[in-house]
Amino acid sequence: MIFKTTVVGELAVNCFIMACEETQKGIVIDPGDNIDGILSIVKENNIELTEIVATHGHFDHIGRVTTLKEKTGAPFTIHQADMFMVEGLVEIASFLSIDTDPAPEVDRFIDEGDTITFGNETLNILHVPGHAPGNVAFTWPGHAIVGDTVFAGSIGRTDLEGADPQVLMDSIRSKILTLPDDTILYPGHGPETTVAKEKQTNPFLASGFNTQ
Numbered sequence: 009m010i011f012k013t014t015v016v017g018e019l020a021v022n023c024f025i026m027a028c029e030e031t032q033k034g035i036v037i038d039p040g041d042n043i044d045g046i047l048s049i050v051k052e053n054n055i056e057l058t059e060i061v062a063t064h065g066h067f068d069h070i071g072r073v074t075t076l077k078e079k080t081g082a083p084f085t086i087h088q089a090d091m092f093m094v095e096g097l098v099e100i101a102s103f104l105s106i107d108t109d110p111a112p113e114v115d116r117f118i119d120e121g122d123t124i125t126f127g128n129e130t131l132n133i134l135h136v137p138g139h140a141p142g143n144v145a146f147t148w149p150g151h152a153i154v155g156d157t158v159f160a161g162s163i164g165r166t167d168l169e170g171a172d173p174q175v176l177m178d179s180i181r182s183k184i185l186t187l188p189d190d191t192i193l194y195p196g197h198g199p200e201t202t203v204a205k206e207k208q209t210n211p212f213l214a215s216g217f218n219t220q
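In our numbering, the protein residues as written are 9 to 220.
Everything labelled a hint here was simulated from the structure, so no lab data went into it. Do not take every clue at face value.
[What the hints assert, rightly or not] Cross-link-like lysine-lysine pairs, in silico, DSS-like; alpha carbons within 25 Å at most:
id, residue 1, residue 2
1, Lys12, Lys51
2, Lys79, Lys33
3, Lys12, Lys205
4, Lys33, Lys77
With the hints as extra help, turn the sequences into a complete structure.
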């Protein structure tokens, strides 16, 4: 699998570009900004973009979806619970003086148990609400893109509209930390980590997993 990461926007979102090496068909996850940089990676790797996907609907993760759709013709996919964020994209971002595209049209809704397929590659979808009601994670053997659920040493904010701290903790404990310990986690911001490391050292989570 082709797997590239580029950090985009004022809030330093991890945008992921993934593709099947055999077919060159690929996807972009969380194109919050810097479309030129994203398209440069797509072109350099000869990727045919077949889908644009969001881990959740916050403006820093979907801010340039409309431009990317226009330039590539790829459809946009998100969880339906975050439609209020998609529809309010410009208003929410402008409140923080951040420029975004107009709200994108959504072509497909995804939920727990669905899959994202590009060429011969498949990502499984987990619904992990709490930071956002529609936050999803994308998993494949040994790896998981987790959006803003859990970070290296921290967890997602729960002081935003639609967030819920108890729901977030339930999502992390029942969906993310039950993955194999050596699973590499790719958060929406910051460095990658592993399930084992977060169980052992994350101050928000470790107390429930440390063993004597």
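Okay, the hints, checked on the actual structure:
1. Lys12 x Lys51: 12 Å, holds
2. Lys79 x Lys33: With a Cα-Cα distance of about 16 Å, the restraint between Lys79 and Lys33 holds, given a limit of 25 Å.
3. Lys12 x Lys205: 23 Å, holds
4. Lys33 x Lys77: 16 Å, holds
No hint from the list above goes unmet by this structure.
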